[in-house]
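Protein chains in written order, with our numbering: chain A, 1 to 526; chain B, 1 to 168; chain C, 1 to 127; chain D, 1 to 354; chain E, 1 to 488.
The set of hints was computed from the structure by calculation and includes no laboratory data.
Hints are all accurate, no fakes.
Pairs of lysine-lysine, DSS-like flavour, derived with a Cα cap of 30 Å:
no. : chain 1 : residue 1 : chain 2 : residue 2
1   : A       : K36       : E       : K207
2   : A       : K49       : A       : K512
3   : A       : K110      : A       : K484
4   : D       : K227      : A       : K310
5   : B       : K34       : D       : K42
6   : D       : K247      : A       : K313
7   : B       : K86       : C       : K45
8   : E       : K74       : E       : K207
9   : C       : K96       : C       : K45
10  : A       : K439      : D       : K244
11  : D       : K213      : D       : K244
12  : D       : K225      : A       : K310
13  : D       : K227      : A       : K382
14  : A       : K388      : A       : K90
15  : D       : K311      : A       : K336
16  : A       : K331      : D       : K308
17  : D       : K311      : A       : K212
18  : B       : K34       : E       : K195
19  : A       : K397      : A       : K512
20  : D       : K225      : D       : K26
21  : B       : K161      : B       : K106
The structure presented is a predicted model; accordingly, all values stated were derived computationally and were not measured.
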Amino acid sequence: MTNSIDELMDSGAIFITGSNTTEGHPVIGAKIRRAKAKGTKIIVAEPRKIELAADADVFLQITPGTNIALYNGMMSYIISEGLQAAEYIKERTENYDELVATLADFTPEKAAEICGVSAEDIKSAARMYAQAPKAAIVYAMGVTQHTTGTEGVMTLSNLALLCGNIGIESGGINPLRGQNNVQGACDMGGLPGTYPAYQSVANPEIKAKFEKAWGVELSDKVGLTLTEIVHKAGHGDIKVLYIMGENPMVSDPDLHHVEEALKNTEFLIVQDIFLTETAQLADVVLPAASFAEKDGTFSNTERRVQRVRKAIKPVGNCKPDWQILMDLLNKLGIEKRYASAEEVFNEITTVTPSYGGISYERLEELGSLQWPCPTPDHAGTKFLHSGKVARGLGLFKPAVYKPSAELPDADYPYIMTTGRVLYHYHTRTMTGKVDGLNKLSPASFVEINPALAEKLGVTDGEMVAVSTRRGQIEVAAKVTAKLKENVIFMPFHFAVGAANVLTNTALDPIAKIPEYKVCAASVKKI
Amino acid sequence: MSNCQEKQKCESQQGFPETLFRELDAFIETLPTKEGHLITVLHKAQSLFGYLPEEIQQYVADALNLPVVQVYGVISFYTFFTQIPKGKNPIAVCMGTACFVKGANKVVDALKQQLQVEIGEVTPDGVFSIDCLRCVGACALAPVVMVGEKVYANVTADQVKDIIADFS
Amino acid sequence: MAKIKSLAELQKKRDELQAVAAKTKNEKVIVNVSLATCGIASGGKEVMEAMKQEAAALGINNVEFTMSGCMTYCFAEPTVEITLPGKEPVVFGYIKGDKAKELVSKYIKSGELVDGVIPASYERIVF
Amino acid sequence: MSMLTITIDGQAVEMPAGSTILAAAKKVGIDIPTLCQLDMEKQFNQQSAACRICVVEIEKRRNLAPACATSIMDGMVIKTDSQRVIEARKTVLHLMLSDHPLDCLTCEKAGACKLQDLCYQYGIEVSDYPGLRNDYPLDASNEFYTRDLNKCVACRRCVQVCTNFQSTKAIAFGDRGFTTHPVAPFDKGMSDSTCVSCGNCVSVCPVGALLSKSKEKFRSWEVSKVKTTCSYCGVGCQMNLLAKENKVVGVEPMDGASNSSLLCVKGKYGFNFINHPDRLKTPLIRKNGELVEATWDEAYGLIADKVKATKAEYGNDALAGLTSARVTNEENYLFQKLVRAGFGTNNVDHCARL
Amino acid sequence: MVDKNQLRIATRNTGFIDPESVESYIAVGGYQALGKCLAEMKPADVIDLMKNSGLRGRGGAGFPTGVKWGFAAKYASDTKYVVCNADEGDPGAFMDRAVLEGDPHNVLEAMAIGGYAIGGNKGTIYIRAEYPLAIARLKLAIQQAKDMGLLGDNIMGTDFSFDIELKYGAGAFVCGEETALIASMEGNRGEPYTKPPFPAEAGYWDKPTIVNNVETLANIPAIIMKGADWFSGIGTETSKGTKVFCICGKINNVGLIEVPMGTSLKTVIYDVGGGIPDGKEFKAVQTGGPSGGALTYKDLDAPIDYENLVARQSMMGSGGMIVMDEDDCMVAVAKFFLDFTMDETCGKCTPCRIGSKRIYEILDKITIGQGTEADLEKLRSLSHNIKDTALCGLGQTMPNPVLSTMRVFEDEYRAHVIDKKCPAGVCADLLEFTVVEEKCVGCTLCARVCPVNCISGKPKEVHVIDQAACIKCGACLDKCKFDAIIKQ
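Build out the structure end to end from the sequences listed, making use of the hints.
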């Protein structure tokens, strides 16, 4: 997030798109609703009539995969009405002309046709966003999990820049990170192209810095992304694969393909707290401690670094991940013993500029710090790009709407989209072990519109077969008016009736993110 | 289309005629805002449907975009609102101070005995119900009994039989 | 109805209305029935109706019937105020049964007082 | 903001305008008991001020005033411990206790119950004003908590948190007079409401009216409390883990910058996986197609050998690692260090995108 | 023979003009006061005039109206509200209904004056749904006034605009309390909240709001027209003008009266009210309704004003006066009021929610002969503490009927708890109906009317009442022609 969660409560308008916030990030959802109660305008653009739709001043029930068209339609209207932040654009951005040119003949009416909503609603959403003194954009995987995911984010960034909402309090563009420490995993260099703090592996100076810090020679070749790793493993080109705390056997797209790839890997190491679907395929399984059994830090979606503290001893013979990793590093000849997680953190701060000023001591005292926090006397950063954006001038990078990789046709006439439910988390490794949560959400399902249900002769709770070009599963139908007639929805949490048997592996060319949010499917009564 | 109208596609559970719902919709349309008019709408709904069962509470909640529990909370606070149907001839005894000192409680006892129901209840045949009212503001006529719109003044316990007979 | 556009217009309107009222008072019998909630509950409307009928029956046609709110004599409802031309108004209470007709046939017709007169025990602010 | 000076129990206190008497007293170390006061409400006039336990005496005012909901005025002279105040508080407690079961011996809330603490503090054993008590059936229809309205003191914190902070609005106050109580729609069970089981109401209930269902019985004084960060979504809610005999038995929200004392159903109630019997407790190595238990040394040895051999035979880029968005920063750091420095490749990624 | 004990200001038009005719109101000088304010006075002048008149709120608490208006005028806001509290809740009071039914324009005019004075242009009348006639006449009056340009946009050609809407109560006494009333007007449960902030600062929809009662408003046009000096010349040192009372109960001339402040209770009861019927003895008069207290023969000469009533542990209240005679038991009366408040407490704060129930229970115990002397002490201390701790006016005054009756009629309470007797012969459980042997002629009438057949005896012989079976209905006493049955 460019801004902080609590800043939302002082926003004039919040534009929520591609996020079912009250289920995916319930506490932020609650805060958005509190903002609404305090007078903030709410705009929601989602394929489903999510809970927040009821709080929305404008609700745009868009067809999955058409969000870029929507944002462009809003921008074209803003420009045509002269609602853009002219002064801000002049002083703090560049490439505005290209945006204007790109949107030249893209009217809200055209957007409305593509998105399946009314042009009037697009206009009022645009007005609401542009006229609020401070407006925030909140989004999640509903924007990114498309073949045009990166362009979707850039288009939102264009919208925010157009209205002068980047670099101000209570504005910004704010991705909600799905997992507790996805921010931290990225910050810490869990990415093929960057060391901690997004320092490029291809930069010789950076490489030299890390070689010195770690005492080994390092590669300057950008590594493979997850999907590429899986793909290569499928061809037998990855011999050793070490998977820590992940369950690609449920979370990745086109699971049949994943299973094949993992089985094709010569030596698979899986480190987890349960014997997950993935761990069952491993050659070595390492038992890890849960978050309750170890010390450390997580970085949340608003770049806030907070402590994790040990409440109980590791169960059985398991060990905290950091100890296992330290042991293996030692075995591989990188001799360094850390007496505690804090010692690891201290090493991090020496090579990670944005974390440079953070220490366990300060966290103890302050509760949390938001990076960038370069020095021990720095108070942390509440919102980014204050005064000017990090790169100097805010860059407009216009994109045009492109249809999703797979569109409905005669054989697969419906658009399938996926998402979360409140009561489960990701692949249910944890929530699946909680009785109450399982009772409230016991099994996979597919949501279909009442009219579609009638057409299929299906009633609520009846089993149906959902199929795509990649596979077929049988799940119970949930008949709900939340969806438009040609759209179906499935949660991705469940291993039985797994949505990701069906999803498309098509990737965003830049971020390599799979297009979970749109594929063509058919539904049949069993 | 609002939620409530969607729901109205289905039949009313209690078998209320659809025209009443339409009339309520039309009334809500005339309000300057939805905000702050819950009680106003409940008054209208009760005048249309006679009482406010769960179905109507849910309908009003949806129409005003309010949580139904808030509607219930309001209804259960105010004595004017009733969640059970009244008798065909609702009997209301004023229990203001003037009526009290003039013996309204004896009238109530007589009514209860005569109709064999308690305060707030309806006779099994649905013909009468008894309620106690706070002052109706006609203290000179104490004790006052109202049956529907009809007002009986200076009522004594032995007149109760005749009053009931007027409606039987 | 024409809108009143100034204080002067309002004052003019008042003067006009007062003049009409004064004229009526000199020419007609004015019967004012107390029709607040208790008056109505005590049968005020029936009283007015009975008096109208009786007046018609007796061929008395210079009676103007009006209504008002509570006359404050709750103990004596229904109450009727009768102003004979050129005379002070008199309030009669306890108008039950044939009393209404009696008011017409006696007091209105011939100025003969009937019982139930309630003396005014107040001073009233006018401006 | 202008500063005002007031006198509390003879001590002068300077506070900014808009502060409550409660805050002013706290500043000089004077304890005023509270019950319905909700810390989450930052504005004094949002407090329900319903319980009346925090009343204090203000010079020149006719009635006692609730310290939690009364803002200070310059020159105010306040007494928090006069006979009049003590009597008033005792009366309030007597009244509360008169409509409350005396089952502290078996009540799960014992030891953490505000009413119990206050009665102890003011020396109240039984109510001076016994009378009819409300009688409600126990509502156990929610999966995670029970609702026993017989223990409810009508403080309104549950409704406040559900309405103003959680914004779910599953509950409200119903009825009037003596039977005024929190209700789900139509006064039915919680399972008939829009409740999302976030448990925030349970966390703020000062008495035993709302209690988490628990597999493990524990007394409040038996558990250790450790503050940590929730391990579910990216919000980073702060919470205390309650542990007894090396088991996590409960969770309570803490006031973190991102969660402001709220949690969701997963954070509050999704902790049973920690001590689940299916937890992996020892390393496993595949032998003859089966995963069998092994020692750490065996596992480490096997991995080190295999890594070294693969590097030698196929080159570093035949190795890859997937780190995790679930583990700590320290662990992510060490993992990419392991892949980069130990495996010698940049083939490291994680499922940020999934 | 006309005695002029009454002075009618607030009720000057009721009974005289046709409430359904705006011309009828204009003919008696209606809307002149509003016109005068708009044409000749600045808002501050209006407030000063109100302050100088000494008019105090007639809803009960007696807060100076001009001061209240001054507060609301002080706060800057784009919207301000004038609220007319017509939720007449006091059982036994109906002056607001009488004014609204008899002279609705008077109230509308006063609200517009209030709006002009504070700088607001929205008015709301919160009225009991149980007053259909008043509602109908108000609606008609609002329409008429709008049609004539006396309400609505650009009143009388000026740039002042003022609109009035109606909101209905739904049967909750507590909504007479201004913060509860505002909560109710916003469509919520009528639960009061802690002041400050006062409505004058943040009231209806959090905007500056003045809440004035019907009778208060009904005085205002007259004050504007006749001046502050005229008004402050009426009444007592601290209480100016007149007060409308509804006298009812055991009194001959039940009805509505308006007397200058400072009139003695004796004048009200005997001169205006015509004394007690059936030659019974005057015992007490309850003023202030459930929030007030009982005045007795000791108080007959006291001039009625705000301060004097409070000094006698009663209060002005909205003006209900329930007269009681020797047949009324003061414990039962206190119990009646507590029964009322116990039902009407909103249930928000502990002292009121549980305390009212407990006071009621103790009183009930006393009336059925199970009370003890310790209970009297409990009553006193509980009552004092509830007054001290309750959230709103309702709770703070709820124990008044108990405290005031205990003060004046302690003997009666003691008779209940010590002798187990009800001196007034009201509390059934403490009564005994017995046959006076000397007087009984054995006519059998009593035995025949007894609903539980507990009277036995042969014709022409003395009858006997079986005390164990007797339900104390009093039917035998009423029927006996020989005064042979006594109640004690």
